[in-house]
Amino acid sequence: MPRTPIADLPPPIDLSPFTLTELEFVLHKVKNRRAPGPDTIPSEFWKWTSPTFKDHILMLLNSCFLGASSPDEWNEAHIVAILKPKKDPLLPESFRPIALCNAIYKIYASLIQTRLSAALDSSLRTTQYGFRANKSTAQPIFVLRQILDLHERHQGKMHFLFLDWSKAFDSITHENIEIALQRYEVPEPFTKAITALYRAPTFRVKNGSDLSSLHPQQRGIRQGCPLSPYLFIIVLSCLMHDVEEEYTSKFELLPNPFSASSPLWDLEYADDTVLFSPNPLTLQRLLHILQHHAARIGLHLNLDKCEHLQLNTEQDIYFRDTEQGQCQCSTCFPGSPVPHGPPVPVSAIVKYLGVYLSQKARAQTDITKRLAITYASLKVLRPFFESRDIPADWKFTIYGQVLRAIVLYAVQSETLTAAQNVKLDTLHYRVLRNITHTKTTFYHKVVNPNDTPSSNMDISKKALDLGYKGHTLSTEALNRKLSLLGHIIRHPDSLEHKVTFTNSHMYRRHRTNFRVGPPKLHWAETAMTDAYGRIQYLEQQDRTAMLMRLPNAPIPIPVAPPEPHLINHEYYLNATRNTVWQLHDWELQRFYTTVRLWRGVEPSAQNRKQWQRVSGR
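The opening position of the sequence shown corresponds to residue 168 in the working numbering, with each subsequent residue numbered one higher.
There may be inaccurate statements among the hints.
Okay, derived cross-link-like pairs now, SDA-like style, lysine to any residue, Cα gap no bigger than 25 Å in a straight line [what the hints assert, rightly or not]: (1) 665 / 408; (2) 253 / 523; (3) 536 / 318; (4) 546 / 605; (5) 254 / 517; (6) 606 / 626; (7) 253 / 265; (8) 606 / 635; (9) 221 / 391; (10) 253 / 532.
Using C-beta positions, here's what the derived DEER-type ranges look like [what the hints assert, rightly or not]: (11) 334 / 417: 25 to 31 Å; (12) 334 / 236: 26 to 32 Å; (13) 536 / 334: 25 to 31 Å; (14) 696 / 664: 17 to 23 Å; (15) 255 / 518: 16 to 22 Å; (16) 542 / 342: 46 to 52 Å; (17) 372 / 481: 45 to 51 Å; (18) 510 / 333: 14 to 20 Å; (19) 696 / 558: 37 to 43 Å; (20) 218 / 593: 51 to 57 Å; (21) 516 / 259: 26 to 32 Å; (22) 342 / 638: 49 to 55 Å; (23) 181 / 337: 45 to 51 Å.
Think of the hints as simulated: they come from the structure by calculation, not from any bench. Think of the CB as a built atom: it goes at the ideal place given N, C-alpha and C, for glycine as much as any other residue.
With the hints as constraints, model all of the structure from the sequences given.
Set out below in structure tokens:
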């Protein structure tokens, strides 16, 4: 890896001794009931110790930090093999190695990681979302879906390469970690404190109560160490920087699906890497350069697991002709007789960070598969939900942490249709029927026709009486969507804002004068419409509450709320108000003046009056 600096200025890393406040902050984040390391001391021992003993702990950690050294006992870790989902247990590559480190070592590593991330986070690539504060899998999924939506709406061509690195965390060399820190201008004392942790690491493989002999760890990072994942994304940021630098030096312009001033060609969540470009030749060149630089730091692609998603095109993209050395194919050297490597396998549906992406940007593929998985899980859990010996609050907890977590994962980045919302609520009420022991419609129509059937309103009231305070799935999906909209508008410089409100995305005309199938829903347009509807509902609730407090005032009929039993729920109203009112006046004005004119519909007097009231104009 070249040693050219990446950061313009040295990051403001604090080199002073750790303070008691920093130690308390790290101890507060330590999770309980975690497997101990080789010293068998649980994390609760360090977390709940006396203030006097914490002073001694701080002295030990500062001695290690200032002296760039650590006890030999911290170098050892126990490796536990975790079987990957749907893998053959007879194959070694089917297991994921997890390092069980000493709790005191993880506390020390967390102190270093906190200072390092506070200084370097603004210098890392904005397209890297893994192991960073205020970033999650929902954001790269959202960006990718917006790119798919843009080109599917306008019949544009697009190529996506979903890359799979072979043993990524186990392949990074310790030397390249040190070089990456130097390129980001990390001060030498801080770099030495980090490299001291990787000077002589050792491990034993643990299987139940059995331990193997001691082995040295010559490369790779520890999956289980708080510092190691952040070091990995630093190395990967250096790699992507080198790829971009070499490409621009040879071919000048990078792919720009939104605007020429802001090139965008990659997304990363830790080692999950996606490359995309409307031009297959450009993407093939980027892939070859990436393979070349990755091989220099020990990273290699698993060619069989990489996937190519084509949108409105059928052109193939090929790997390099060789992993080592300079590529001599005709892509890198026009006119060369050397053939390409094998083509990247083409897939119609790709699973990325837990969601399913297809050639059609609609949410139908992902929602259908997610509902199928949830119904299969419900079939297994049905005896648990229908049992009368289990408390209802336990059932509601399992419903929220298992079934709702499955079906609502990354739902805030999708544009749901009315039919999909109905499917979500059907699942919700089916679970509540099982928990509240309410008979199904089949029972009332066939078994006992004289009995009065229970409506969804009745089921909601029964669940509320049992202590359930959650929303329906469609309402929760809307709340998450509005929360994401508020996050995007509060960060106008973020990548999510650029792909949401860019002119080429929202306001460009379609290339054809006709549509095939139903109109394409746009996330930003539907999100703003939902926000206006929520504001109107809240204003109606405020007027209702005010009139009900006045003496001899007529009781008005309120607007139908999202949840019948939450009409006057103060917490719900305040939380929703705080989410919706994050909308800036500039965005409201932009939506009003541009989107409606682009659609060819002049806003009515009622809509104009509503916008003026909301924006304060």
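Given pair status - residue 517, residue 254, alpha carbons within 25 Å: Holds - the C-alpha atoms of residue 517 and residue 254 are around 18 Å apart, at most 25 Å.
Check the hint pairing residue 606 with residue 635 against an upper bound of 25 Å on the C-alpha distance. The hint holds at about 19 Å.
Lying within 49 to 55 Å: is that true of the beta-carbon distance residue 342 to residue 638? holds, 52 Å
Distance restraint evaluation - residue 542, residue 342, Cβ atoms, bounds 46 to 52 Å: holds, 50 Å
Given a hint of 45 to 51 Å, does the C-beta separation of residue 372 and residue 481 actually sit inside it? holds, 47 Å
Is 26 to 32 Å right for how far apart the beta carbons of residue 516 and residue 259 are? holds, 29 Å
Within a Cα-Cα threshold of 25 Å, do residue 546 and residue 605 meet the stated pairing? holds, 17 Å
Hey, residue 253 versus residue 532, does the alpha-carbon distance stay inside 25 Å? Between residue 253 and residue 532 the Cα gap is close to 21 Å, so the pair holds against 25 Å.
Hint consistency between residue 253 and residue 523 [alpha-carbon to alpha-carbon, up to 25 Å]: holds, 17 Å
Restraint status (C-alpha distance of residue 221 to residue 391 at most 25 Å): holds, 24 Å
Quick one, are residue 253 and residue 265 close enough, alpha carbons at most 25 Å? holds, 18 Å
When you check the alpha-carbon spacing of residue 536 and residue 318, does it fall within 25 Å? The given pair, whose Cα atoms are some 23 Å apart, holds under the 25 Å limit.
Against the hints set out earlier in the document, a violation occurs for number 23 only.
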